[in-house]
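Chemist: If you want the building blocks of each chain, they are given just below.
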Amino acid sequence: MSATNNTAQARKLVEQLRIEAGIERIKVSKASSELMSYCEQHARSDPLLVGVPASENPFKDKKPCVIL
Amino acid sequence: MCDQTFLVNVFGSCDKCFKQRALRTVFKKSQQLSYCSVCAEIMATDGLHENETLASLKSEAESLKGKLEEERAKLHDVELHQVAERVEALGQFVMKTRRTLKGHGNKVLCMDWCKDKRRIVSSSQDGKVIVWDSFTTNKEHAVTMPCTWVMACAYAPSGCAIACGGLDNKCSVYPLTFDKNENMAAKKKSVAMHTNYLSACSFTNSDMQILTASGDGTCALWDVESGQLLQSFHGHGADVLCLDLAPSETGNTFVSGGCDKKAMVWDMRSGQCVQAFETHESDINSVRYYPSGDAFASGSDDATCRLYDLRADREVAIYSKESIIFGASSVDFSLSGRLLFAGYNDYTINVWDVLKGSRVSILFGHENRVSTLRVSPDGTAFCSGSWDHTLRVWA
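Top line first, the protein sequences correspond to chains E and A. Our numbering puts the last residue of the first sequence at 68; the count rises by one with no breaks. Our numbering puts the last residue of the second sequence at 463; the count rises by one with no breaks.
It is worth saying that the hints were derived from the structure and are not from the lab. No experiment lies behind these values; they were computed from the predicted model shown. By construction, the Cβ of each residue, glycine as well, lies at the ideal position given by its N, Cα and C atoms. Among these hints, one or two may not hold up.
[Claimed, not checked] The following label-pair restraints were derived from C-beta to C-beta distances:
| # | chain 1 | residue 1 | chain 2 | residue 2 | range |
| --- | --- | --- | --- | --- | --- |
| 1 | A | Phe432 | E | Gly22 | 43 to 49 Å |
| 2 | E | Glu15 | A | Lys183 | 36 to 42 Å |
| 3 | E | Gly51 | A | Ser316 | 24 to 30 Å |
| 4 | E | Gly22 | A | Thr205 | 30 to 36 Å |
| 5 | A | Lys183 | E | Gln41 | 20 to 26 Å |
| 6 | A | Lys183 | E | Gly22 | 50 to 56 Å |
| 7 | A | Ala90 | E | Gln41 | 55 to 61 Å |
[What the hints assert, rightly or not] Here are the simulated BS3-like pairs of lysine-lysine, each with C-alpha atoms no more than 27 Å apart in a straight line:
| # | chain 1 | residue 1 | chain 2 | residue 2 |
| --- | --- | --- | --- | --- |
| 8 | A | Lys175 | A | Lys185 |
| 9 | E | Lys27 | A | Lys133 |
| 10 | E | Lys12 | A | Lys84 |
| 11 | A | Lys329 | A | Lys164 |
Construct all of the structure, not just a fragment, from the sequences and the given hints.
Modeler: Spelled out as structure tokens, the structure:
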């Protein structure tokens, strides 16, 4: 019984590897430049990257109010 | 460890020959069936040619693995940080703790943000799950779980419920109510049932489905209302520690990481693993998709974080330093994907430049391991939870 289990497992592994080997891939240079362009496109709207003034960030302390 | 040692003798009608026999569970094209031992053996040898012995299958597996490596290497024409040389370097970052959430009686194990960008749910070793208003640091809800080590918690997209679980092997959903007279625990709904601890959970795009990861080596998709198992994901060789859903624009996939050092990408509809990556040298504690959905980062006990590009089908960056020797427990990207925040077991948070591969900042503050870290939905801050019983919001 364990022999067939091992065979069944090995078969599953081979089928899984066939699927993985068959997928389409692109070059790292192309993938990298697309990651980079995504960063550049969204950099301006990334508060942690560019920093937002204290008045717009609810977590940053605002200047204390002065009651006149 | 894969918890597959349960052997329960279930008697019933075999799904293939319909005879009354002792049944075992088999998976045929990801569908779970109950076969008697005779039909199970027939199925295992089904389609096997005379020459397809165990040995020949193993050697085919090896040659396929070799072919995979070859195909991946062919496209490895350049490194990410080389392509990123033309990008401007980042300036100095000043990030400080803006809020400290105190109230847990023991190690904070997990946290999640609400879509309203201000509420946070966190869970702890002492069995408590707390919902906080991060602006005011007030606790809005608290529930005590029937188990300790609540390792996973998640906020529902609507903001009206939370899910959590841990050593109880379950994932339970609690609707959030503002009625002071109602006991939150009374409306608890048990959704997921695993055969080992729950390590991670996440709602999908709606309140109706939950994805879970477990120490039993599997991930599973559940319908919240009925508690029904919709799909299960088998393939990890050991405990699954983390998962992350692809950003909604990119479709129905998710990535999981486990103690088998593998990160696996799954198709949610078919239950099939579509890509697997095995370059880490130890347990993968955290995985997080890059905001575009084309890549994901992982944090591991091998003290490195790595970036894997899904379309190039390979690791494209390693974030490590000789001076960093403690494991990374949790990672998350800033909104643009340029920064990677990683919490480590040496109590620090390192901020990495994703493209250039260099560290831009190191944040001190926690007095014990950082166990969980998430950037807020609008990217204005990130929250870290630690074994020092506190959570900190940084901006």
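Chemist: A separate judgement is required for each hint: does it hold in the structure or not?
Modeler: Hint check results:
1. A:Phe432 - E:Gly22: 43 to 49 Å: 47 Å, holds
2. E:Glu15 - A:Lys183: 36 to 42 Å: 39 Å, holds
3. E:Gly51 - A:Ser316: 24 to 30 Å: Taking Cβ atoms as reference, E:Gly51 and A:Ser316 lie about 28 Å apart, which means the hint holds.
4. E:Gly22 - A:Thr205: 30 to 36 Å: This hint is violated: roughly 52 Å between Cβ atoms.
5. A:Lys183 - E:Gln41: 20 to 26 Å: Holds, since A:Lys183 and E:Gln41 (Cβ atoms, about 23 Å apart) stay within the stated range.
6. A:Lys183 - E:Gly22: 50 to 56 Å: 38 Å, violated
7. A:Ala90 - E:Gln41: 55 to 61 Å: Given range 55 to 61 Å: holds, Cβ gap about 60 Å.
8. A:Lys175 - A:Lys185: With Cα atoms ~24 Å apart, A:Lys175 and A:Lys185 stay inside 27 Å; holds.
9. E:Lys27 - A:Lys133: Cα-Cα ~19 Å, so holds.
10. E:Lys12 - A:Lys84: With Cα atoms ~20 Å apart, E:Lys12 and A:Lys84 stay inside 27 Å; holds.
11. A:Lys329 - A:Lys164: Violated, at about 33 Å.
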